[in-house]
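Participant: Residues per chain are reported as follows:
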Amino acid sequence: MSRQKETKETLRFRGIAASRGIAIGPAYRYFRTKLYAEDRPLQLQEVGIEIERFDAATSKARQEIEKVRRVAEQKVGTPASSIFEAQMMMVSDEFILSTIRQRIKQELRPAAFVVDSELSAHAKMLEDANDPTMRERADDIEDIKQRLLRYLLDRKKWAAKIEVPSILVADLLTPADAILFARSSMLGFAIDGGGVTSHVAILARSLGIPALVALHSAAEHIETGDMLILDGERGELIVCPDHETLQGYEQEQSLVLGTGVDLSEPIFKGETAVAKTTDGHAVRLQMNLEFGSEVAVIEAERLSETTSADSKKRLGLGLVRTEHFILLHDDFPNEEEQNMLYRDLADRFYPAPVTLRTFDVGGDKVLSGTYREDNPFLGWRGLRISLDEPELFLGQLRPILRASERGNVKLMFPMVTTVEELKRAIGYVREAESQLRANGEPYDAKMPIGIMVEVPAAAILAENFIPLVDYFSIGSNDLTQYTLAVDRGNDLISTLYQELHPAVLRLMKMTIDAGKRAKKPVSICGELGSYPLATPILAGMEIDEISVSPAAVRPLATRLNALNQAECRELTTRILESAVSPEDVKRQILQFLSERKLIDVFSESALRPGFGARLMKR
Amino acid sequence: MIHQTVTIRNRAGLHTRPAAAIVKLASKFQSEFYVIKDGFRINGKSIIGVMTLAAAQGSTLELEFDGPDEAVAMKELAEYFNKGFEEEM
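Going down the list, the protein sequences come from chains W and L. Residue 403 is where the first sequence starts when you use our numbering, and the numbers rise one by one after that. Residue 683 is where the second sequence starts when you use our numbering, and the numbers rise one by one after that.
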C-alpha cells in the first residue's frame, strides 16, 4: 500500500529507548523475511546429497559468523562480540547436527525442512519460558536457523548496506545485521521486537547509535523514505513529523545533546587538557572510558601530532567503568585478567591519571537483565556488593594497587551512601595494601581515593565524607535519578528525568562547596559534563575537573574557553536562588548565552548524532 | 552412572554464556553428561540443548554422568553450578 508522501499524516509510536540519542533522517525499511522450508519426500539416492548440502551450509555459516565476529570485535571490542562466539558454538553443536543428519536419513525429508523443524522446536521451548531474558535468547536460535535456511534454499545474501544515511526500521534485527549495517550509513534503528537486554540493544549502546526497541507494530506503517525522528531520549518514534516538530528536534539535536562520539575528526588539537575561561580560570578535562574498543582510538589520537605535549602528559581517564569488562562478557574477570587490564591502562596513559572505579554492577547495568529485586536501583549494587563480597572486592583492589606502582592511578568507589561504608571500603584498601607489602609487591602508597557522589545522601553529607577522601566526583546521571525518583529507563516517566533540575543543581553545589572548603578537587563524570547547556553552570560552580566521553573533550573546551567565570558565577547564583523548574533553568541559561552572542559557539560545539555511521567508515 | 541435584543460583539463570561455558567444560570429559529438568533430558554437551532448558534462578536440575571420569566430571560441573556460574547471585 503506497501512499503519497504529501498526504501522509504524522504517526507516533512509543517504544523503549535501548540506546540514547536523537536521530533524524529518512527511513530505510529493512525486510528480513523469515524463510520457511517446504516438505517433500526424498528419493533414497538424494539423501547423500542432502546431507552434503547440510554440511556445506553449516561450514558456510561458521565462516560467515567468524567474519562478523571479527568485524564486531574491531568495532565494539571483544566482550560485546562474544555473542558471536556463542552462535559459533551453536552451529557447531554436534548433538543437534547429528540429530538433523539422522532425521534426513530416517524421515527422507529435505535438509532445509529438518533444520527448520528441529531448530524451531528448540526456539519454541525458549519462547514458552516464563522468563523474559530466556525468551530473548530464542532470537539467537532463530538467527542461526535463518542463516542455515538461507544457504540451503539458495537465497541471495542479505544486502546489509544502506546507501543514504538513514534510520533502519524493521520488525527484528539480528546482532549480525546491526554490525553489518553499522558499517554503512545507519543513523539509528527502530525495531518492533527486542528488549533492553537483547543482544542487539547492547550492541547499539556499544556502537553509540540511538535505538528504539519494542515498538510493537510500528514497522508496517513505515516506508523507505518516510521522514523519521528517532527520539532515544524519550523512547518515541515520530513518522512524517510536521515542520514545527522537526525544527524543534533539530534544535534539540544540535544544542541540547552532545554526548556522542564523533571520531571523524581528530579528537585533540592543542591545549585541550586544560580549558581556560576568558578571565583565566582553569578547568581540567579528562575522559570517560566506557568501552574497551575506545582505548585504541583514544590512544592513537592522544599520541597523534595534533596533540600538544602538554595534553599528552595530562589528558587521562577521569572515569574507567571497570564493570564494563564484566558486563558484556557476563563474568567477573579474575585477578590475573584484572592485573593486565589495569596495568595496561595505567601504562598507556602514563603519566596522565587513570581513575579506576570499582565494579558498579546492579541496577540497569546487569547484562542479563532479570532482576529479582523489586527495586534494583535501590538495591544491592555498587559498593554494597563489594562490601558484601570481600573476596571479590580484595580481588579487585589488589590489581588496582599493583597498577598504581608508577603513581598515576586513582581509585574511586561508586554508590556510597554512608560514612560507615566508606570507612569499611578504605579498610579493605589498607588490607589489600598489607597483602601486597607482605609479598614485596610495589604500589603507590599515596594513591588518591575518591567517591562518586551520586546518592543525594552523600551530597547532603559531603562535609562528613570529605575528610576521608582525596577527591569527589559527581555522578550526575544517578544523582538525577535518585534525587528526582525517576528511572530514566522507564519510558512512561523518562521525560521527568531532567539533569538541570534545580534540586540536582543544588546538591551539586553543596558537593563542590564542601570540596572547596577542604581544598580538595571536585570533578563531574556524568553525562551532564558534555551537555552544552550545563557548561555555564559547571563553570559558575567552579568545578575543578570535567570528565566526558573522548570526542566531547574538544567541544567542551571550546565552550569553556568562551565563557567568563565571574559571569557564570552570577548566573549560577541567580539560578540557584530563583529557578523552580528545569525549564526555568534552561530559559535562564539560553538567555545568558544569547545576550553574549554565544548561541552559535554552543550549538556548533554540540556533536551531531549519527556519529556511529561515521565511526564505522574510518 | 552417577547423579547430583543442583539449583540455579545466579539471577540471570542459565542463559547463553553459562550454557556455552558448561558445554566447554563438559566436553573436556569422556563421560556422557545429561541434564534433566521437569522430565526433559538433554545432552549436556549440546549448547542448544542446554539453552533450551530455559532454567531460571531457583530451578532445580539433575545432572547425570556416565563414563570413566564421571566422578571428577560431576565434581567440576556441580561446582560450577553451585558457584552460580560465577555471576551475580
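Check each hint, because a few of them may be wrong.
Among chain L residues calculated to face chain W with C-beta under 7 Å, some are [what the hints assert, rightly or not]:
# : residue
1 : 698
2 : 721
3 : 728
4 : 729
5 : 730
6 : 741
7 : 742
8 : 750
9 : 753
Here are the computed distance ranges between Cβ atoms for each label pair [as the list claims (entries may be wrong)]:
#  : chain 1 : residue 1 : chain 2 : residue 2 : range
10 : L       : 757       : W       : 461       : 29 to 37 Å
11 : W       : 915       : L       : 686       : 53 to 61 Å
12 : L       : 686       : W       : 837       : 32 to 40 Å
13 : W       : 837       : L       : 757       : 26 to 34 Å
Quick caveat, the hints were computed from the structure, so don't treat them as lab data. All residues carry an ideal CB built from backbone N, CA and C; glycine is no exception.
Participant: Is the interface hint satisfied for residue 750 of chain L? The criterion is a beta-carbon contact with chain W at less than 7 Å.
Facilitator: Violated, about 20 Å.
Participant: Using the nearest Cβ pair, does residue 721 of chain L come within less than 7 Å of chain W?
Facilitator: violated (13 Å)
Participant: Would the hint on residue 729 of chain L stand, with a C-beta cut-off of 7 Å toward chain W?
Facilitator: Status holds, d = 5 Å.
Participant: So does residue 837 of chain W sit 26 to 34 Å from residue 757 of chain L, Cβ to Cβ?
Facilitator: holds (29 Å)
Participant: Hold the hint about residue 730 of chain L up to the distance rule: shortest CB distance to chain W must be less than 7 Å.
Facilitator: Given a least distance of 5 Å, the restraint on residue 730 of chain L holds.
Participant: Against chain W, run the beta carbon of residue 741 of chain L and see if the smallest gap drops under 7 Å.
Facilitator: violated (10 Å)
Participant: Could you check if residue 728 of chain L really has its C-beta closer than 7 Å to a C-beta on chain W?
Facilitator: Since chain W brings a Cβ to about 3 Å from residue 728 of chain L, closer than 7 Å, the hint holds.
Participant: So, residue 753 of chain L near chain W? Judge it on the closest CB pair being under 7 Å.
Facilitator: Violated: closest Cβ of chain W sits about 23 Å from residue 753 of chain L, beyond 7 Å.
Participant: Min Cβ distance, residue 742 of chain L to chain W: is it shorter than 7 Å?
Facilitator: violated (15 Å)
Participant: Does the beta carbon distance between residue 686 of chain L and residue 837 of chain W stay inside 32 to 40 Å, or does it fall outside?
Facilitator: holds (35 Å)
Participant: Do residue 757 of chain L and residue 461 of chain W keep their Cβ atoms within the hinted range of 29 to 37 Å?
Facilitator: With Cβ atoms ~36 Å apart, the hint holds.
Participant: Please check whether residue 698 of chain L passes as an interface residue: C-beta within 7 Å of a C-beta belonging to chain W.
Facilitator: holds (5 Å)
Checked against the numbered hints given earlier, the structure breaks hints 2, 6, 7, 8 and 9 and satisfies all the rest.
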